[in-house]
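Colleague: What follows is the residue order along each chain.
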Amino acid sequence: MKAIFISCSQAHFEDARTILNQNGARGYTFWTELGGQGSVNGEPHYGDHTWPQLNSSILSIVEDHLVDRILDKLHKLDESAPKQGLRAFVWNIERTI
Amino acid sequence: MSLYQSSVNKPVTTILIFVAIAILGLFSLIKLPVNLIPDIDTNTIMVMTSYAGASAEDIENNVTKPLESILNGVSDLKHITSQSKENISIVTLEFNYGEDIDILTNDVRDKLDMLTTLPDECGNPIIFKFGADDIPIIMLSATANESMTGLYKILDDGVSSPLARIKGVGAVSIMGAPEREIQIYCDPYKLEAYNLSIEQIAQIVAQENRNLPAGNIDIGSNTYSMRVEQEFNDASEMLDIVVGHKDGAAVYLRDVATVDDRLQERSQESFTNKVQGAMIVIQKQSGANSVEIANKIHEKLPSLQKNLPSDVKLNVIVDTSENIVNTINALKETIIITFILVMFVVFVFLGRWRATFIIILSIPIALLGSFIYLFASGNTLNIISLSSLSIAIGMVVDDAIVVLENITTHIEKGSRPKQAAVFATSEVSISVIASTLTMLAVFLPLTLITGMAGVLFRQLGWIVSIIMIISTTAALSLVPMLCAYMLKLNPKQTKIHKILFTPIDKGLNSLSNGYGKAVDWAARHRGTTVLIAAVFFALTLVLTLPHLKTEYFPTQDNARLSVTIELPVGTRQDITRDLALELADRISSSVPEIRCLNIREGQADSENTIASMQSNGTHIISMNISLISVTKRKRGLIEIGEVVRDILREYSQIKKFNVIEGGQSGGVGGQNAVQVDIYGYSFEKTDAVAADLAARLRNVPSCTQVNISRDEYAPEYQVEFDREKLALNGLNVTTAAQYLRNRINGSIASYYREDGEEYDILVRYDKKYRESIEDIENITIYNSLGQGIKVRDLGIVKETLTPPTITRKDRERYLTVTGIVAKGYAMSDLVEDAEKELNQMDIPLGITWEFGGTYEDQKDSFRDLVILMTLVLILVFIVMAAQFESLISPFVIMFSVPFGFSGVFIGLVSTGSPLGIMGMIGLLMLLGIVVKNGIVLIDYTILCRERGMGIIRSVTEAGRSRLRPVLMTTLTTVLGMFPLAFGTGEGAEMWRSMGLTMIFGLSLSTLVTLILVPVVYSIFSGVGVRKERKKEIKKIKRAALMAANN
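Chains as they are written, first to last, in this note's numbering: chain C, 2 to 98; chain A, 11 to 1056.
Don't take every hint at face value.
Okay, derived cross-link-like pairs now, BS3-like style, lysine-lysine, Cα gap no bigger than 27 Å in a straight line [unchecked claim]:
# : chain 1 : residue 1 : chain 2 : residue 2
1 : C       : LYS84     : A       : LYS498
2 : C       : LYS84     : A       : LYS423
3 : C       : LYS84     : A       : LYS516
4 : A       : LYS428    : C       : LYS84
Just the calculated beta-carbon pair ranges, DEER-fashion [claimed, not checked]:
# : chain 1 : residue 1 : chain 2 : residue 2 : range
5 : C       : TYR29     : A       : ARG957    : 32 to 42 Å
6 : C       : TYR29     : A       : ARG1036   : 49 to 59 Å
7 : A       : LEU881    : C       : TYR29     : 17 to 27 Å
Just so you know, these hints were derived from the structure itself, not from any lab. For every residue, glycine included, the Cβ atom is placed at its ideal position computed from N, Cα and C.
Turn these sequences into a full structure, and let the hints steer you where they fit.
Modeller: This is the structure we're talking about:
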């Protein structure tokens, strides 16, 4: 089991969810409106007067074999509109109940 | 869930809600009545009191003065004026506009009840309310040849009664058609020979002309009623009446008199296009709609015409509804042109038809929404409500543009339209609401103005406010919803599209870059820029202000002229008639634009209220001239008025004339006149001042005609009986006067009945026996002993002068001198000239003067509007300060306001248009609109600064990026005003100055704002930064000092 944490611009949220749904990741948790900024470049998304855009995040725990497929699709999504910004991070799950 | 989120999620509900608004709006539009201006309640109450036999001065002292002092206590009173003339006192109370006249009428009635000091013989004071409703809405002419003798009855039965039955029609009166009368003309010498008098003959005629029931009789088994039916069936039957006996032989009426079945001796005559006929004046009931009634009347006229004799032709002389309908249609056209212009601008800037459609859709929805308000609040479609719509069109798209632009940006960055619609709207919602609030800060206070301007502009305030609220709601719900479903990520572009829009896009980009450079230069040369702006502002004020003219309302070209001509008092009717016809000839040949020319002259029947209310007499000619519509002729109304005046000036026998353009003086759209009220007790002194002023004004080029309100002393004959002689002969003044009246005016003996109508039978001396002073002196008066005494033995007949009516205003005697503003001049020119002349004049002690009438209204309204402007400025500042959470930013933005004024002054002076109420309203609206551009610029500049840019880079960047939206919103508003400012339809002069004000004010202030506001911003920010820096340096120094000390 691996955890995928997706942090993206609001604009990508629906598409990112669709990717998860279509690729067998049934379980996830999401936050639709949160602030943040990328480590390399791109505009910050704070939801304030200066930077009015916002981020959304999804945390999904999936079977190991699904990870690559999902990440590829997410990467394609990111490349379709690089200005919006989308990052995904994966790590191991130690234990679940 | 937010408004935009739910509307994107529920497209069906969203669309249907707006469809419902549109349908309700359409329904209201169909039901809305049409009128020229919003309904204005009358603001005057008249109190009429009769006191038979009292002279003007007695009336003034015993009736008018007590009435004035008690009525002065009524609340909200603006002016109290009065007329005291023989037998009657008329006190007129003028209130501020917009007060409830019914409550005031009750107040007046209560005050009158408290009055106990009026003379005993005085009649009870009667209260009249006279308002715009009492002005005739349609005047018809009925020309006739052979039917002239019976015209009154023909019209009464065939036209006036059927018209009066139409719902909403008030009084219908016939003028200029003399009524039938049976005249018994007696020969005084024969009467004397047979020892008879007029009174005896009248009595005998009355006794012979009788129908009487005699009771019932039983014959056999039946009961019959018994009647005497001896009324005359033919006027000639009267000739055989036995009126007396002389030497045993019967004296018949034919022996002493002739019987003439004919028309009234004296009556008003009316000529339409030089053919004699009658005039039918139609008034509406209070509160009824003129246009509706006029339509019904027009519908009915053909069927009425069919039932009239073939030589009687009905024609419309004046139809007030025609002008209303044409004006409203011209405005509707204006709105359509504005709509197309705005659509064009939006399309050019956006270059995409889907986006254009989304934005343009909010216009009809918002406009239709405002019709719901108009219908629900019982208002009408009028020039104020429709020009408000025209003004609003350019502004309703602003919010939609802002929202759409942000959504498009996000789509271009790669968002899906549906998601972009939600969060892009959310990003700009606060600033959209804030800019709407600034507009509301301007327009809602308009609903608070009092007075005439308040009555007019309350609708403007409400309509624009409602439209703004609807358009903002649409921008936050309908626009994102439509964007979500209609906009595409990468729309296909056709070849034509590329050919058309690539150069436009390039042009706009290079404009933005050029502008960015200009801002950059200006921000680096702040001192020079501010200095240039200040000098420019001062120069415009110095150069334009002395030439700026003001007025109340422009004279509306409603294709009507009314002319009153007075010949010397006592001119015989046939002389007046000849002159009237000659004048009609002259005027129609010099003014080919005349559609219909109607003349009236002669003494009106006192029973005819409408006719006797207007000035009439054998020496007075009244003309009603209707011209063809303004769109079909080259010369304007004022120019034609001058032509008529020039013709009238050529006739030396004309003592006074008054040409009124538009048919009414003053008020909204009426003739522009300056009224000087001259107060003083002495007739002689005030008359002299008035005559001097009138003579001076006649030589002033800005004045084309001068009228003095007070008439001169009018000549008349008086019979002065010697009371001693009367007493010696067993007579008194009343009996003697009654005898005199019966012989000259005649005594109504009885009524001749035919076909259900009654006609007077009048007994008097034949005309040839009452044409000279000698004839009057030879009249025989009989005493109770039957002795005949000649008038010349009882007194003398002498010529005297009757004093004119005593007029008072605010409890002091006054008279007015009215100057009509000449073509090419404004009211303020004449006011200035009149003031100069008055200051040069040697006015005797105790005589004072002041400007009254329209100028006073103008001053009041201007004062109200200036106060309102201050209020609006403060409110706009508050809204902006709240939006920016700062006091500096709104202050910076406010720098665009003075240049709005510069633009307005330059525009008005260069086009030679005076500043009127409409222009002032334009100025007021400008306050809200000019700051909008500033808000957009400063908002983005602050954003850039917060994103870490330097001051100069921020202002340059903000300018470059915000130029397009600023230009777009400004262009939609400015171009939206073009049809208003340059339209030529009927009534266009009314809103021209408003259009000009907005166009010039907004254009100049936008140009200046684009440079000056960034510069002023950088000055203030620079100061802020320097202060911060100083603080930092101090801190560092202090820290260093402390470190050194340690």
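Colleague: If you test the structure against every hint from before, which numbers come out violated?
Modeller: 7
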